[in-house]
Amino acid sequence: MKVTFRISRYDPETNEGSYVEDFLLEVEEYELTEVTVLDALVEIKEDQDGSLTFRHGCGHGSCGSCAVLINEKNRLACETHLDDLELDEKTVVEVSSLPGFPTIKDLVVDMDNFFRNDRLARPFISGEDERSGPTETEQTPGELRRILEATECINCGACTASCPTYWENEGYLGPAALVRAYRWMEDSRNSEIEERLAALDDEKDGVWGCNKFFNCLEACPKEIDTVGIIEALKRSVITS
Amino acid sequence: MEIFEHDLLIVGGGAAGLRAAIAAREHVDDVGIISKVNVLRSHSVTAQGGISAPLGNTGEGVDDSWRVHFEDTVRGGDGLVDHDACEILTKGASGTVLELDNMGVPFNRTEDGRLDQRPFGGHSLPRSLYAADRTGHGITYALYGENVRLDNAVYNEFFLLDLVADGARVNGLTAYNMKSGEVVGFRGKSVVLATGGCTQAFAHTTSGAASTGDGLGIAMRNGIPLEDMEFIQFHPTGLPGSGILISEAARGEGGYLINDDGERFMKRYDPEKMELSSRDRVVRGMQREIERGKGIDGEDYLHLDLTHLSRRTLEEKLPTISQIAEDFAKVDPSERPIPVRPTAHYCMGGIPVTLNGRVKGSSWGNTWDNLFAAGEAACLSVHGANRLGTNSLLEAVVFGKRIGAVAGRTAEEGSFGKLPRETLNQQEKYLTELREKDGTVRLGEIKSRLRELTWNKCGVFRNQSDLEEANDEIYELRRTFSEELTLDDRGCKFNTELRSALELRNLLEFVPAVLLGAYKRTESRGAHYREDYPEKDDGNWAVHSYVVRTNEGRYGVDYRPVRNDTGRGTTDEGGE
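Residue numbers (the working numbering), protein chains in the order written: chain F, 26 to 265; chain W, 828 to 1403.
If you're looking for bench data, these hints aren't it; they were derived computationally from the structure. Check each hint, because a few of them may be wrong.
Partner residues aside, some chain F positions facing chain W, computed with beta carbon under 10 Å [said to hold, decoys possible]:
| id | residue |
| --- | --- |
| 1 | 33 |
| 2 | 37 |
| 3 | 83 |
| 4 | 104 |
| 5 | 129 |
| 6 | 151 |
| 7 | 168 |
| 8 | 169 |
| 9 | 179 |
| 10 | 215 |
Some residues of chain W that are not near chain F, with every Cβ distance over 12 Å (derived) [to be verified]:
| id | residue |
| --- | --- |
| 11 | 892 |
| 12 | 1081 |
| 13 | 1239 |
| 14 | 1287 |
| 15 | 1360 |
| 16 | 1379 |
| 17 | 1381 |
The model shown is predicted, which means the values in this text are computed figures rather than measured ones. The beta carbon of each residue, even a glycine, is placed where N, CA and C say it ideally should be.
Next comes chain W alone, as it looks inside the complex (with noise of 0.2 Å):
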């Protein structure tokens, strides 16, 4: 069993944890950055629409500013956004994205050379940085490049096993090398976990098929909180049946949503912003129309109109999305609409972090030693209730380089811990077990199971009976799972079942506190909405969950209460 060794271990290699990997570089030399996938297969590079920074470069955008960064996603938040760290985003929004300018980033011009501004839902000013609609793509391989150039050591095709935990510090983590098929440790001063999105949990989603929340999972096993789980965005545009996204630039650029009587339905539940109010709001807005019968044809769907775009818009700084509906939807743009629908787009909850990164504990003013998340996987609370377009980028980068810093110096300051050969030992004999499982139950037909019961019980509408089922219906998903799973796959050597198992484990682990996170908050408010709790509750709810599975496999929830001091500062960590 091999064990590999480095000051700072990255699981993930993402727009976040590359961008902790070059800001580690700071501290210490040895970066070692572990993905499941190949780091430029992860789900950054098919972020389309933007990165939002209030440079002002546009006429219209002149006279943004932080603040109005700031201010226009403390709104959007719903009043669930921390705002010390919402302050940090947007802050050093502009020199963290002009910095990923000069890393090469192939973002469109206007017409005198500087970086183009394009309007975005939300945002009151046009602040959207974009590279076509292909800007997760170009941030992503600049950051990569920038690896490559540092020369940091890259595991690709490893899957995240576990952490080897000794008390509050973190020694190293387990991995199954998919092509040696073999279990190895990583020995590691610290350990970022940048382990990404979780939406696969629903049936309907524009995720890839990578992202199923296994930084989740492992923080559920290892005594971690996660907070705001309950707190999921839907997208208002995902194709009928496959869920892929058509980006949010699409309205940014002046698209129409229309209903079967062709007409612009926005104007009854938004008519100021009409599309471009915020996500949560469009999404129940579509949701309404289908309801009531004024889907497209009476089905399940509506109109994108981009038909009276300009041909140059839709090639200039739309190419993909015309592509995605040309290919998959078999409508040229240009000519007849888009068919579309609300997906489960990303999780504004997370594994819960200080300013830092560093992972709070299970209980009070707790956190770990040398154990960090960042991206997706943390939360941050900086998009509160209702995430805007562009600022997930945005948190990936400014986030992802301030707690790649952190965890650099942490390593710098902190000594190598102990992996015993046993943790190894054990995760293989668990590999062994699993991969021999020999039920009745096929793997696809749980995941299939779990993601139709997230979609028709949590989904952008919820009520206390539907929670309450779903409430049960999970644990006896997760007993099929250890007691009924039969697996085809006996093989060691990149066992693609096997890591959809273990997939399969992670989401079953934390979908619990997306349930209870929601059966729980009687209200509703951002991308939460209670059918049975229409309004927003500010006297019993302004305040973030914290759902903890206890070593007997309950879950359990507490509340913290949101950092909306303004102009408090931003140190709830002794200044690191």
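Just chain F, same shape as in the assembly (with noise of 0.2 Å):
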């Protein structure tokens, strides 16, 4: 059968600004649950444009590099498989760079911005007792699990790109970047958490700034409890 990728384009270095252009492919019917839409677009770029532009990385859901919008979806490119899609009988595959981040050129976005407040959430270890020395710290198995989930985040902006609290206000750290305040806070090597709560508790660009749409619950690729851990920060927030 032939699956037409009908790819958002962007050219920096034209006026034409942002069209539409369709690539087919040929793929065997048993192939749909073989070949990912980053396999399709490599392809592409291999065989029939090799100015189409996007990132990849390891191909198999761990580097985070390749999160893009397919089929109204924010996915990576690489685990997602032709048969997840429920192809119509139309059979197209819609991508298109992720929404909320400017686009740099056709798939790729700038994540400036993004990584920006990544390090605002201090994505790291600090407190009065800084390392004295290599000596193993305790950490109980239960301590661990409280961080565990929020420590799979790959970073690849799906969550953050279909936030629209942060399409209005990249100000505001978005969904990522709250998980990732959680993941280092609560960690119990960390003493450092009423300064750190103080900078969350922010009506705008803080915790405060969700709004609960749920969106990035459904866009992350690791099933991230995200919104779940946006109201525990909430709760630390209001009781310190």
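Make the complex out of the two chains shown on their own, each in a separate frame, by following the hints.
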């Protein structure tokens, strides 16, 4: 069968603005479970148009490079098999760059602000007893479990790019950076708590920016309970 | 044309580069990390199984020590481990790993809150610390966080073009700024190459798209030799087709390798250690089974059986590979075995360096003043001819730290050199020429031909006639690249096709060193196996190979002895 890849394109070096281009790929029925959207993008780039531009890395959902909008949902291209898309009779796969971030070229977005927010989330251990030397810390399996889900985040941006609050205000940390803030603050090895909570206590840019649209929850390829984590942060801010 | 300036420049933001950047801050305040990807996309994040250190935290491992770890590593390396380097690695392991714990790596814990450890192939005791099967992710993110805390400068998506050298000194480097589309310069008082692995050179590989050996290509172009490049590790368990890694931790936790008869075939190849034999032996066992028609349904893959493991083990200790098996092999590993086959995984060789990471020159005894290499790009010969699982992350952090500190001190004592505008202009001119290539052969075709060539003629089993053919074909591919390549993307900004062409250029620069090393080494040792010379030959071949490219573009090979004099001390460089 022929599958149409309807790809949003943008070339910053022309005045054309963004446009949509169709590419056809011949895919056997039995291959639908095997071929990913990333495989298709790579094949199109190699065989049809070398200027098609996208990011990719590990190819198995660990590095977070290839998040794009596929058939109206933010997903990792490398993990999305064609049979995940419930292709209708027209067998069209629509791919465009993540919403909410400026497009640099085709499917590549500018994530500078996203990573700025990540740094604001203080993604490290700190506190009064600064590392005195290499001695083993104690952390119970229960303490580890508290942060474990949040450690799975791969910074792909799918969640933050789905958040209407972030679309309106890129000063808002967004779900990814808030998950990061939780992960490091709640680590039993970290003792800098009050300052971090105070920084998160902001009507617009901090935890209170979250209006619970729940889009992030649906977008996360690692199925992290983003909303639950943000709610937990809100509780900590209130009780601190 | 913009020129950036930092006391120390580190190219590559994986585990080695990030660890080096932290250590350097003890000597200099101004460190710049340059990565062709976003540093958090570095291939280190995909390391699954673990990182070894002889902590002895579990009952079985209680008698562990650096010396036992050292002996295991030397044994695994099959005669090519430099003992002094390995001593530094294993003595430094526990302290460096505990620093990672303090930096917040989410290592799995024992019930009483200590760092848990599990078995791994080639290690005689359980000494692998692990963060489920996302150990590399946990380590890279923690190291990145430390760099954020220290406020080190990070340049994401800047592709290294070349070094700017002045004799044995490096003054800086040139890079392609993907986002702006411009060639930029970086001036530094010392430079660390932590550019990562190179196994994208092979058709079947566990490596991500970025592991194209860029530092190795640049070494070749600058008259720097490459050491032991014939030693490419093939990992036993990649998924057929995609090559996606299924961690050795799956066997560490008790998984079986099974052939079409349902038999644990490793009993024929290493009855004592079975599935936890060294990677080179397991890979050859698997290839033998496939060749004698015992692949599953006669095909070129086997089964990794985890169905007898508890659900809790799969969920808490192997969650990623369970997910990968479901997503990419459509198999629930608690119910059905996972299809696996050997794939290229790691390069034991690389840029030769002293124990302090100083890059060696083309002639014996020469070193660069202020150029360093670390991580998979470097060859410290701690892995010898075959690396043990979990020792690569360890090397990245132990030597990343050590080398970062020396590079930082070198920068502290050094000064900035000249970065002539002319060098930037030359690179700009080269990029323009490359972008406008208008031949008849597509980039992807040359890359595929290269990757098939290495896989088919310099893979798990090698022989003279294949390697002779490969040597001819690689020169033909190099010619095709320079004379017949065509590119579609003429743009300057974020030209990923141009970047792929630059990566392919680097692959084509260093692959001849792999082929030549393999052709000349007429014996079998570790990961290098010659069908026509199946025995190890210590009399002639207990030596490291050094391939250099001459100005005429020819590749020549030389050999240096292994430093295997245990107890000799650890100073080949005057106690730097």
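When the structure is checked against the list of hints, which entries are broken? Sort them ascending. Going through the list in order, the structure violates hint 1 alone and respects the others.
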